Structures are given as C-alpha cells and as structure tokens.
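S.K.: As given, the protein sequences belong to chains A and B, one line each in that order.
Following our numbering, the residues of the first sequence are numbered contiguously, the last one being 260.
Following our numbering, the residues of the second sequence are numbered contiguously, the last one being 258.
Calculated directly from the structure, the hints in this document are not laboratory data.
Small disclaimer: the values here were computed from a predicted structure and weren't measured.
Hints should not be assumed to be uniformly reliable.
Computed, partial: chain B to chain A, Cβ under 10 Å [to be verified]: (1) L149; (2) D151; (3) L152; (4) F153; (5) R154; (6) L155; (7) S159; (8) A162; (9) L167; (10) P170; (11) A171; (12) L173; (13) L249; (14) R251; (15) W252; (16) P254.
A few chain B residues that don't get close to chain A, going by computed Cβ distances all over 12 Å [claimed, not checked]: (17) V47; (18) Y93; (19) L113; (20) T120; (21) R181.
Away from chain B, derived, C-beta distances all over 10 Å, residues of chain A [unchecked claim]: (22) R11; (23) G170; (24) A171; (25) T176; (26) L178; (27) R186; (28) S201; (29) I202; (30) F230; (31) R239.
Every residue gets a Cβ at the ideal spot worked out from N, C-alpha and C, and that includes glycine.
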Amino acid sequence: MESAVSVQFERVARRFGAGSAGELVVLDGLDLAVEAGSFTVLLGPSGCGKSTLLRLAAGLDEPEQGRVRLTVDGTERSPVGGPTGFVFQEAHLLPWRTLAENVALPFELAGRPGGEDPARAVNEALERVGLGAFGARMPHELSGGMKMRGSLARALVCAPRLFLLDEPFGALDELTRLRLDDELRRLAKELRMTVLFVTHSIQEAAYLADRVIVFSPRPARVVGDFASPFAPVRREELRFSEPFARFVGSLHDALVRGGA
Amino acid sequence: MKRLVALVAPPLVALALLLGLWEGLVRALEVQAFLLPPPSAIARACVVHGSVLASGVVRTGTTAVAGFLLSATLGNAVAYVLGSSRVLERAFYPYTLFLQTVPIVTIAPLLVLWFGSGSTAVAVAAFIVSVFPVITGTLSGMRAVDPNLRDLFRLYGASRLAVLTKLEIPAALPQTVTGLRVASGLAVIGTIVGEFVAGFADEAPGLGIIVLSAYRQLKTDLLFAAVLGSSVLGLGLFAAVQTLGHRLLRRWHPSARS
Numbered sequence: 001m002e003s004a005v006s007v008q009f010e011r012v013a014r015r016f017g018a019g020s021a022g023e024l025v026v027l028d029g030l031d032l033a034v035e036a037g038s039f040t041v042l043l044g045p046s047g048c049g050k051s052t053l054l055r056l057a058a059g060l061d062e063p064e065q066g067r068v069r070l071t072v073d074g075t076e077r078s079p080v081g082g083p084t085g086f087v088f089q090e091a092h093l094l095p096w097r098t099l100a101e102n103v104a105l106p107f108e109l110a111g112r113p114g115g116e117d118p119a120r121a122v123n124e125a126l127e128r129v130g131l132g133a134f135g136a137r138m139p140h141e142l143s144g145g146m147k148m149r150g151s152l153a154r155a156l157v158c159a160p161r162l163f164l165l166d167e168p169f170g171a172l173d174e175l176t177r178l179r180l181d182d183e184l185r186r187l188a189k190e191l192r193m194t195v196l197f198v199t200h201s202i203q204e205a206a207y208l209a210d211r212v213i214v215f216s217p218r219p220a221r222v223v224g225d226f227a228s229p230f231a232p233v234r235r236e237e238l239r240f241s242e243p244f245a246r247f248v249g250s251l252h253d254a255l256v257r258g259g260a
Numbered sequence: 001m002k003r004l005v006a007l008v009a010p011p012l013v014a015l016a017l018l019l020g021l022w023e024g025l026v027r028a029l030e031v032q033a034f035l036l037p038p039p040s041a042i043a044r045a046c047v048v049h050g051s052v053l054a055s056g057v058v059r060t061g062t063t064a065v066a067g068f069l070l071s072a073t074l075g076n077a078v079a080y081v082l083g084s085s086r087v088l089e090r091a092f093y094p095y096t097l098f099l100q101t102v103p104i105v106t107i108a109p110l111l112v113l114w115f116g117s118g119s120t121a122v123a124v125a126a127f128i129v130s131v132f133p134v135i136t137g138t139l140s141g142m143r144a145v146d147p148n149l150r151d152l153f154r155l156y157g158a159s160r161l162a163v164l165t166k167l168e169i170p171a172a173l174p175q176t177v178t179g180l181r182v183a184s185g186l187a188v189i190g191t192i193v194g195e196f197v198a199g200f201a202d203e204a205p206g207l208g209i210i211v212l213s214a215y216r217q218l219k220t221d222l223l224f225a226a227v228l229g230s231s232v233l234g235l236g237l238f239a240a241v242q243t244l245g246h247r248l249l250r251r252w253h254p255s256a257r258s
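Full structure from sequences and hints, please.
M.R.: Below, the structure written as structure tokens:
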C-alpha cells in the first residue's frame with residue numbers, strides 16, 4: 001500500500017473579494033503541519049476559514065501567498081489528480097446515475113490507477129460502507145444517511161491517501177451521525193489514510209480525532225492544538241465517560257478563549 | 001377506470017355544451033355562414049375536404065418536424081458551445097435574442113430569396129421561430145450546475161469534454177426538455193406563418209395555404225376545419241416531445257416521477 005500523505009501549510013494567505021468593501025481575509029499567513037496517517041480534526045466557528053484550508057489541500061483553490069505542500073515519503077506531489085478523496089457537506093451524488101455508477105465516477109474521470117478492475121473496486125467501496133446490496137438504486141431511493149455513505153464510497157474508491165471531509169454529517173440525524181463517525185474512524189485506520197476533518201461540533205471533534213486543531217474566528221489562527229488523550233480504538237461508551245467530558249471542556253475553553 | 005371517467009368526463013361535457021350553445025345561437029340568430037359557421041357545418045367541411053386537409057396536415061406536419069429537429073440539434077449545439085465559456089456566452093448570447101424578437105414575416109421574404117419558395121424556406125422559418133427557447137433552456141440548465149459537483153469533477157482531473165458530457169448535459173436535461181416543449185408549439189406556428197409567405201410552391205398545399213385560400217373564397221367552414229387541423233398538429237408534436245422527455249427523465253427527475 002502506498003504511504004499516507006503529510007500536508008504542510010506554509011504562511012498561507014487567502015482573501016475573497018480583494019480590494020472591495022466586503023473584502024474577507026480568511027487566512028492570513030497560517031502555518032500548519034499535518035503528519036501522515038493522522039486523523040486531524042479542524043475545529044472552529046462557522047466561516048472561520050477551515051473549509052478554505054481543505055479546498056487548498058485538495059487543490060480546488062490557490063493561496064495568494066505561501067504554499068501548500070503534500071508530501072509522500074519525502075517527495076512532493078501535486079494535489080489535483082492525485083489520490084485525494086473529498087466529501088462535501090451534502091452527499092452530492094449525480095441524481096441521474098445509480099449508486100454504483102456514482103461510485104465509479106472517479107474511475108471514469110481519472111482513468112484507472114494501477115490497472116485495477118473498476119467494477120471490483122466499486123463493489124469493494126460499497127461493501128466497506130455497508131451498501132453492498134444497494135448499487136442499483138437511484139440516489140432518490142436512498143435515505144440521507146445512505147446517500148452520505150455513498151458519497152464516502154465514491155471518495156474511497158480510488159484508494160485515496162489523503163481524505164478531506166468538510167462537515168460531512170452535519171445534515172444527518174444524531175444517531176446516524178454517531179454511527180457514521182464510528183465507521184469513518186474505523187475506515188481511516190484500516191486504510192491508513194491521512195484525514196482532515198472539518199467540523200464545528202466539539203463532541204464530534206473530541207470523539208474522532210487523533211489531534212484537534214482549534215481555530216479562532218476569521219482570519220483563522222490556531223488557538224489550540226490538542227493530542228487526543230484516548231486510545232486509538234474508540235467505543236461508544238467513550239462518549240459518556242468523564243475523561244471525554246473533560247476533553248470536551250478543554251476544547252470548549254480553547255474555542256472561547258480564541259474569541260468564538 | 002372510474003378515475004379516467006372523472007378525468008375525461010368534465011371537459012367532454014363542457015365541450016358538448018359549448019358546441020350545442022354555438023350551434024343553437026348561430027341558428028336562432030341566423031348568423032351568416034361566412035361570418036360564423038355552425039359546428040355542424042365545420043364537421044361537414046372536415047368530411048368533404050377530408051383528403052385536402054389530411055395532406056395539408058401531413059405537409060405542414062413534416063415541415064414543422066423538420067424545423068423542430070433543426071432547432072433541437074442546432075439550438076442545443078449552440079447552447080453547449082456558449083455554455084462552455086463565459087466569454088463566448090457574453091459575446092454571442094445577446095445576438096441570439098435577435099431570433100427571439102425578429103417578426104418572422106419580415107424575415108420570410110429573405111428566406112424565399114435564399115432558399116426559394118417551398119418547404120425548405122418554411123422549415124427554416126419554423127426553426128428561427130422555435131430555436132430560442134431551446135438555447136435559453138439548455139444554457140440556463142448548464143449555468144445552474146451545482147458548484148460542488150464542478151469541484152468534484154475538477155478534483156478528479158476531469159477533461160472539459162467529460163464535464164460537458166457527464167455533468168452539464170445531463171444536469172441541464174430537465175431545462176432542455178422544457179425548452180423543447182415550448183419549441184414544439186412554436187415550430188408549428190412558425191411553419192404556418194412561413195407557408196403564408198413561402199408555401200405556394202409546394203406540390204400539396206400545407207395548412208397555411210389552405211387557410212389563406214379558404215379565407216379568400218370566404219369558405220369559413222373550411223377555414224375553421226384547417227384551424228382545427230393545425231391545433232391537432234401542434235398538440236400531437238407537443239405530446240410527442242412530452243413523452244420523450246418523460247422517458248429521458250423518468251428514472252431520476254422529480255418532474256417526471258409519479
């Protein structure tokens with residue numbers, strides 16, 4: 001298996017609507033290094049610029065100053081076209097394609113890496129998210145949670161080494177979200193991906209992360225950097241334990257001190 | 001079955017009542033037949049001039065379908081090209097408005113000059129009248145594609161062609177179908193207006209020519225019969241496009257479900 005990717009943001013600056021009255025400075029010389037294979041959660045108030053960080057890492061946006069470096073085993077590679085998975089706030093499946101055809105989309109667009117059999121990879125990805133029996137369904141025949149799982153399968157199908165998620169489960173009901181959190185954490189460790197997960201939910205950050213980075217409101221500054229105090233394998237009970245409540249408390253304090 | 005009756009019965013009863021009222025009033029007031037013939041006279045004209053009307057429907061129908069197909073292919077092709085670049089859209093879209101605003105009767109003599117009198121000029125008239133909704137429909141559909149989906153395609157390094165064929169064209173399909181539905185009605189109108197100016201050379205007269213000659217001879221019953229024929233034609237083309245659109249969208253779009 002190819003090694004995971006590490007991500008370095010170096011003095012990254014990005015503003016929107018430059019020069020106009022409504023200019024937004026979203027990032028103003030931010031430094032951040034994300035080590036390979038870690039599950040890192042970016043926690044911050046809405047609109048603070050954490051989504052912009054993800055888009056920069058995916059190569060969907062360019063910084064005005066500074067740079068974003070993706071490194072695999074010490075060699076640099078470009079973000080676009082590489083094996084990066086991206087999951088949006090909503091599932092965004094193409095409504096005119098079946099679930100399986102949706103999951104196959106990255107193959108069609110990017111070509112087949114390593115001569116892999118697309119049909120098998122699609123099936124595997126669907127199995128991984130528990131949708132093995134639903135490949136022939138159209139998106140409108142699936143529940144919100146299933147659509148999101150399909151979206152995960154589509155992002156996983158190209159065996160990404162870097163997995164970027166932008167508040168992916170925010171629109172789902174609470175129980176479905178907790179379940180998907182568990183599955184995502186398990187998948188990330190199984191597939192040894194580097195994960196950058198954006199959320200504004202403190203509980204979700206505390207439960208999922210190996211490392212939580214807390215941001216101030218716009219322009220985003222790092223106001224807290226926490227290694228998770230918990231063992232790598234997380235269980236449901238953790239959410240109701242005292243250490244968990246304490247960790248949530250310290251993340252909360254960092255957010256408040258940061259000005260959120 | 002019951003639901004079908006409930007659906008079909010009210011308009012049929014209303015139609016029968018209206019026709020009865022029309023027939024009764026025309027007879028009671030002794031309205032002259034060249035002003036307003038009674039429905040029975042129109043029905044008789046339909047039978048007496050049956051073969052002329054039938055060949056008129058075929059002639060006009062063929063030309064309208066040709067004009068409509070021109071609109072569907074060229075209109076969508078133009079939309080795909082303009083939709084692929086903001087600069088091209090800004091440069092050329094304003095001129096497509098010309099097609100929407102120019103009165104076809106002012107263009108028709110030019111068409112006769114260029115294509116000669118006959119069904120080619122008439123089909124081109126039908127095309128000019130009906131192409132604009134196809135262009136705007138498809139173009140607005142392409143512009144409305146979810147930016148997140150565009151990002152997804154970019155992330156996987158999709159080519160411009162792949163974005164067009166796998167994202168923009170299917171995403172715009174509901175609006176394309178709407179445009180085509182509007183165009184189908186306009187193509188019939190454009191054909192008949194085109195025939196008024198350029199349809200005399202055809203071996204069999206189209207409905208537009210039948211309307212003109214019936215009017216000149218004050219055969220108002222035949223005139224009504226021809227009007228009836230052209231609305232049947234328009235409905236037929238509309239229904240065909242509707243069915244096709246429904247088939248294309250049935251699997252995924254809410255407008256074609258249930």
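S.K.: All hints, please: hold or fail.
M.R.: A quick look at each hint next to the structure:
no.	hint	result
1	L149	holds, 6 Å
2	D151	holds, 5 Å
3	L152	holds, 7 Å
4	F153	holds, 6 Å
5	R154	holds, 6 Å
6	L155	holds, 5 Å
7	S159	holds, 8 Å
8	A162	holds, 6 Å
9	L167	holds, 8 Å
10	P170	holds, 5 Å
11	A171	holds, 8 Å
12	L173	holds, 7 Å
13	L249	holds, 8 Å
14	R251	holds, 6 Å
15	W252	holds, 5 Å
16	P254	holds, 8 Å
17	V47	holds, 48 Å
18	Y93	holds, 26 Å
19	L113	holds, 45 Å
20	T120	holds, 37 Å
21	R181	holds, 19 Å
22	R11	holds, 25 Å
23	G170	holds, 14 Å
24	A171	holds, 13 Å
25	T176	holds, 21 Å
26	L178	holds, 25 Å
27	R186	holds, 24 Å
28	S201	holds, 21 Å
29	I202	holds, 26 Å
30	F230	holds, 32 Å
31	R239	holds, 30 Å
Violated hints for the displayed structure: none, as all numbered hints are satisfied.
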